Amino acid sequence: MSGDGHTAEEMMAIAAARRLRDGANCFVGIGLPSRAANLARATHAPGCVLIYESGTIGAKPRQLPLSIGDGELAETADLVVSVPEIFSYWLQGGRIDVGFLSAAQIDRYANLNSTVIGEYEHPRVRLPGGGGAPEIAASCKETLVMLRHSPRAFVERLDFRTTVGYGDGPGARERLGLQGRGVSAVITDLGVLEPNPASCELVLRQVHPGVEVADVVSATGWPLQVAERVEVSPTPTGAELAALRALRTAEEQP
Amino acid sequence: MAEVVTLRDAVAELVADGDTVALEGFTHLIPHAAGHELIRQRRRGLTLVRLTPDVIYDQMIGMGCAERMIFSWGGNPGVGSLHRFRDAVESGWPVPLAIEEHSHAGMAAAYAAGAANLPFGVLRGYAGTDLPGHTASAGWVDCPFTGERLAAVRALRPDVAIVHAQQADRAGNVQLWGISGVQKEAVLAARRSIVTVEELVDELAPRPGAVVIPTWVVTAVAEAPGGAHPSYAHGYYDRDNRFYTAWDAISRDRERFTAWMQRHVLDTADVREYAALLREGSPA
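If you read the protein sequences in the order shown, they are chains A and B. The first sequence begins at 1 in my numbering and counts up by one. The second sequence begins at 255 in my numbering and counts up by one.
Hints in this document: simulated from the structure, not taken from any laboratory. The structure displayed is predicted, hence computed values, not measured ones. Ideal placement from N, C-alpha and C gives every residue a C-beta, glycine not left out. Take every hint as true, because none was put in to throw you off.
Reference listing, derived: stretches of chain A covered by chain B, where coverage requires no fewer than 3 residues with Cβ under 8 Å from a Cβ of chain B: (1) 48-57; (2) 62-73; (3) 87-93; (4) 152-162.
What the simulated footprint calls covered on chain A by chain B, stretch by stretch (three residues with Cβ under 8 Å from a Cβ of chain B suffice, anywhere in the stretch; the number is not a length): (5) 130-136; (6) 176-182.
Modelling step: build the complete structure from the supplied sequences, incorporating the hints.
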């Protein structure tokens, strides 16, 4: 809890929501991304079009959905399409502005692991797997990533590359034929990283209020590049915090 | 023409040990009652196919029905891990589970190819990821017109597809609406199919945007009211999100899981008894 009464988790959701511009259409993963995207829609971006991989396009949930296919998403959507259609015509068709993902691990080139911790054949932890993420990050015009900062999550080497950010560095996306621009920001509970346009390596650009640059460096498992001038994220406004706290799943309703 | 039968008879006649079976449903209309019937009839050695294996596949895996799973995302949506799936992959309990892993887009393309009687599906995907290195049914193909290299996925042709829908008429024509997932593709890709329904009606009232599956591509239709629980049936009942949350604790422990399955599935005769038992007390 910071001095003005918001948690690091809330700061992360608010910092991520601010990245979503009004009118953008956004392919939303469940969990942290769904919370942030719905916060954006409740605050500065009412015209944001939320798309879930269940085929619900333009969903306007009143409560936060627990899954990507809760009934309310279909009831409030502009249209509902099949799963083959959402991935082929809409995502692969190049029509989605922003992909919004989370993961268990990330590396310096914003590649993501959501498959296994340990060896693939004999994993220490079997994670859910790629789901929609590999093609979301391949085909959306840009991708935002949210995850909590720790040396176990921000690793020198991924145990498995589920999803490509910038691959092995400059030129990799072009060589692989990936149509989207790639990850534009990584929003964590400590700050915001963005790729260096030349090297494609993630650089610390922003820390949240009360967080020191050294905290972020020590929570990162590779020697983190730090921008010459690191900005401090604007403190959450009362309106942002109120809107975020009003967003709950049906199970979290008081 | 589909035969209208009991779920018990449909499973007994159409699903054999060792079959490749796809119980599809993307969060909505998940055929839980049919999965429970497979568990009651002690099917073994199944290859389970589904984009989003969740609680019903966790239950089937934990009860030893499966030796292989083809999938793209195996978790408890919004809650966390599937503990029985993890235990099977990480520790081989109760039997080892081989996996064949894709992305959602790859699985969708593979079903669509199966439905279209093509040997493979094609998509822009997989490039630069570690998936193709571990998945024999993912590869590459060069476009004969542009020379572009694209991902190829082997078509899915399950022995049996099992889906749940809101309604069928007495001739076995099926109608489902709301989030429609890949159910139509799964049925058309499979050699045989079972559709469980909330309700048998005298006449299907056409609904805009609904998916209609005609009786002549369905093998069997069985009535199973409440058969999607804890998933939902749009227009009939909501997703039981509390059950999904409670499943985390039930499934975490082998003994507690086994006792729950004994009481709620093996010791109940059908979906009506299962539902009555759940109404009596908490899911735990």
